[in-house]
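*Asks:* Listed here are the chains, written in short residue letters.
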Amino acid sequence: MATTKPKSGAVAAARKKGPPWLWLGVAGIVVVLLAVVLIFSGGSDKKKNSTAAGVEQTRPVTVTGTALPELPQSGDDPAVGKEIPEAKGASFDGTPVDIRNDGRPKLILFVAHWCPHCQREIPLLAGYLKSHPLPAGVDLYTVSTAVNQPRGNYPPSAWLAEKGWKAPVLADSDDGKAATAFGLNAFPYFVAVDGSGKVVARTTGEITTDQFAALAAKTLGNR
Amino acid sequence: MSVDQVSLFLALLAVVAELATVTALGLWIGGRFSPALHRLGRQAAEAVAPQALALAATVATVCLAGSLYFSEVAHFPPCHLCWLQRFCMYPLVPILWIAAWRRAGRVAPFAAAVAFVGACISTYHVALEHHPEWESSVCDPKNPCTLIWVKRLGYLTIPTMALSGFALIITLLVVSGAARAHPSEPSDLDRSDAHGHH
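Protein chains in written order, with the working numbering: chain A, 1 to 223; chain B, 224 to 421.
What the hints contain is simulated information worked out from the structure, not anything from laboratory work.
One should not assume that every hint holds.
Okay, derived cross-link-like pairs now, DSS-like style, lysine-lysine, Cα gap no bigger than 27 Å in a straight line [claimed, not checked]: (1) K218(A) with K177(A); (2) K166(A) with K88(A); (3) K130(A) with K177(A); (4) K198(A) with K177(A); (5) K163(A) with K130(A); (6) K163(A) with K365(B); (7) K163(A) with K374(B); (8) K177(A) with K82(A); (9) K365(B) with K88(A); (10) K365(B) with K177(A); (11) K163(A) with K177(A); (12) K88(A) with K198(A).
Partial pick of chain B residues on the chain A-facing surface, computed with a CB cut under 8 Å [what the hints assert, rightly or not]: (13) D227; (14) F232; (15) L242; (16) T244; (17) A270; (18) V271; (19) I318; (20) R325; (21) P355; (22) S360; (23) C362; (24) T369; (25) L370; (26) I371; (27) G377.
To list a few chain A residues with every Cβ distance to chain B over 12 Å, as calculated [unchecked claim]: (28) P135; (29) E162; (30) K177.
Just so it is clear, the structure is predicted and the values come from calculations on it, not from any experiment.
Every residue gets a Cβ at the ideal spot worked out from N, C-alpha and C, and that includes glycine.
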């Protein structure tokens, strides 16, 4: 009996504190996970924004003309009837892309690679455009802007190519000159321009294919 | 360590948290049907219960450190849902450490309630990532809640990691609370200990 008491006390103490392997186990798990990370993952973060998939993801853009006011959240759009500015730049691969008043009606779509709504809109429109081309004489331009690698779905060049996007893409500058010039306030962002280079409508957010077709028709003066 | 490495490390910790939570849930449910699982679950709970508050405090601390790393070092600005989850997680750190230090198990139900609210917000945030149209049909160029900054192992985003943390904290607090509410019967260890001396 003399030896029972201390041993029972030790067991009680052990039960009060929990088994000694508990914290050793937690520490062991942490060490193993750290080792896994250090062994199996790269040591440095990728360079932001500039080059990926062998092409530039942002490029210098030259804007001339008067910038459009930012699209208001509600009410009449003050940009309707105003002439668009000109944005001169290039696509990801360096092909020149100029969005200018060339006498042709046009739709300009601004997208951000990380925006989940753009990620849904692009495949929707790409599929639609395969079987429903834009009306004759209407051009479609895309502006890839707000490029930010950590935000995911990077690079935009690979994303748009993967979704089968055929329209010419202007790679906006790091500071989003084209987006600012056209009054972007959210993504995705559409600007419909008539043959005289004036804005006929602007809208943001996901739109249906019917709304897209209606927007294209507006560029021809069909309301 | 790079941001990629830290996010992978935190993602792996989240996987461990999920495995621990699922195992505990499995033992609890399985224990209702299988005496062997019931016994195993009870032994596991008895082993963990004395340190459950400290373990929960550790989980909350890691979550706090992870969220601060993402916002202050990786420069991923928190959206408003991230902030709501922080409001739930951050107070748990001092509360649970003090409770663990003072062995104040009575705190467990209140801390679990806070963690439950955090878990609900995390769940909504995860759902929003899959259904961005719930928030809006447009992306705020600055910092939408639907924006996925980190996605590791195919599914672990920042709110998913937070949900894993909240779930493990709740599990540990339930273990702690259950041990307090139902002091264990003499364990097999005690019985063999006692029998060995009679």
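*Asks:* Each of the hints needs a verdict: does it hold here or not?
*Replies:* Here's how the hints hold up against the structure:
Restraint check for K218(A) and K177(A): satisfied, since their Cα atoms lie roughly 26 Å apart, inside the 27 Å limit. At most 27 Å may separate the alpha-carbon atoms for a hinted pair to count; K166(A) and K88(A) meet this at roughly 19 Å. The suggested pairing of K130(A) with K177(A) is violated, with an alpha-carbon distance near 30 Å, which exceeds 27 Å. Annotation: proposed proximity of K198(A) to K177(A) holds, straight-line Cα distance about 19 Å (limit 27 Å).
Between K163(A) and K130(A), the direct Cα distance comes to roughly 12 Å. Compliance with the 27 Å bound is thereby established for this hinted pair. With a CA separation close to 25 Å, the supplied pair K163(A) and K365(B) stays within the 27 Å bound. Our distance criterion of 27 Å between C-alpha atoms is met by K163(A) and K374(B), whose separation comes to about 20 Å. Restraint check: the Cα-Cα separation between K177(A) and K82(A) comes to about 18 Å, which is no more than 27 Å; the hinted pair holds.
The suggested pairing of K365(B) with K88(A) holds, with an alpha-carbon distance near 25 Å, which does not exceed 27 Å. Taking the CA atoms of K365(B) and K177(A), the gap is about 16 Å. The hint holds against a cut of 27 Å. Using a Cα cut-off of 27 Å, the hinted pair K163(A) and K177(A) holds, with the two alpha carbons roughly 25 Å apart. For the given pair, K88(A) sits about 18 Å from K198(A) by alpha-carbon distance, which is consistent with the 27 Å threshold.
Because the beta carbon of D227(B) sits about 6 Å from the nearest beta carbon in chain A, less than 8 Å, this interface hint is met. Nearest Cβ of chain A to the Cβ of F232(B): about 5 Å, under the 8 Å cut. The hint holds. Contact between L242(B) and chain A, as hinted, is not supported at the beta carbon level, the nearest pair being about 10 Å apart and thus beyond 8 Å. Interface hint status for T244(B): violated, as the beta-carbon distance to the closest one in chain A is roughly 15 Å, over 8 Å.
Taking 8 Å as the C-beta cut-off, the interface hint given for A270(B) holds, the closest approach to chain A being about 5 Å. Against a cut-off of 8 Å between C-beta atoms, the interface hint on V271(B) holds, since the closest Cβ of chain A lies about 7 Å away. Restraint check, I318(B) versus chain A: the minimum CB separation of about 20 Å is more than 8 Å; hint violated. For R325(B), the interface hint is violated, since its Cβ never comes within 8 Å of a Cβ in chain A; the closest pair sits about 14 Å apart.
Residue-level restraint check for P355(B) holds (minimum Cβ-Cβ distance to chain A is 4 Å; threshold 8 Å). Hint on S360(B) holds. Least Cβ distance to chain A is approximately 4 Å, under the 8 Å limit. Look at C362(B): its Cβ gets to within about 4 Å of chain A, closer than 8 Å, so that hint holds up. Using the Cβ-Cβ criterion of 8 Å, the hint placing T369(B) at the interface with chain A is satisfied: the shortest such distance is roughly 5 Å.
Using the Cβ-Cβ criterion of 8 Å, the hint placing L370(B) at the interface with chain A is satisfied: the shortest such distance is roughly 6 Å. This hint holds: I371(B) has a C-beta 5 Å from the nearest C-beta of chain A, less than the 8 Å allowed. The beta carbon of G377(B) comes no nearer than 13 Å to any beta carbon in chain A, farther than 8 Å, and the hint placing it at the interface is violated. Remark: the non-interface label on P135(A) is consistent with the geometry, its nearest Cβ contact in chain B lying 25 Å away (cut-off 12 Å).
With a closest Cβ-Cβ approach of about 17 Å to chain B, E162(A) is found to remain outside the 12 Å limit, as its non-interface label requires. For K177(A), the non-interface assignment is confirmed: its Cβ lies about 14 Å from the closest Cβ of chain B, beyond the 12 Å cut-off.
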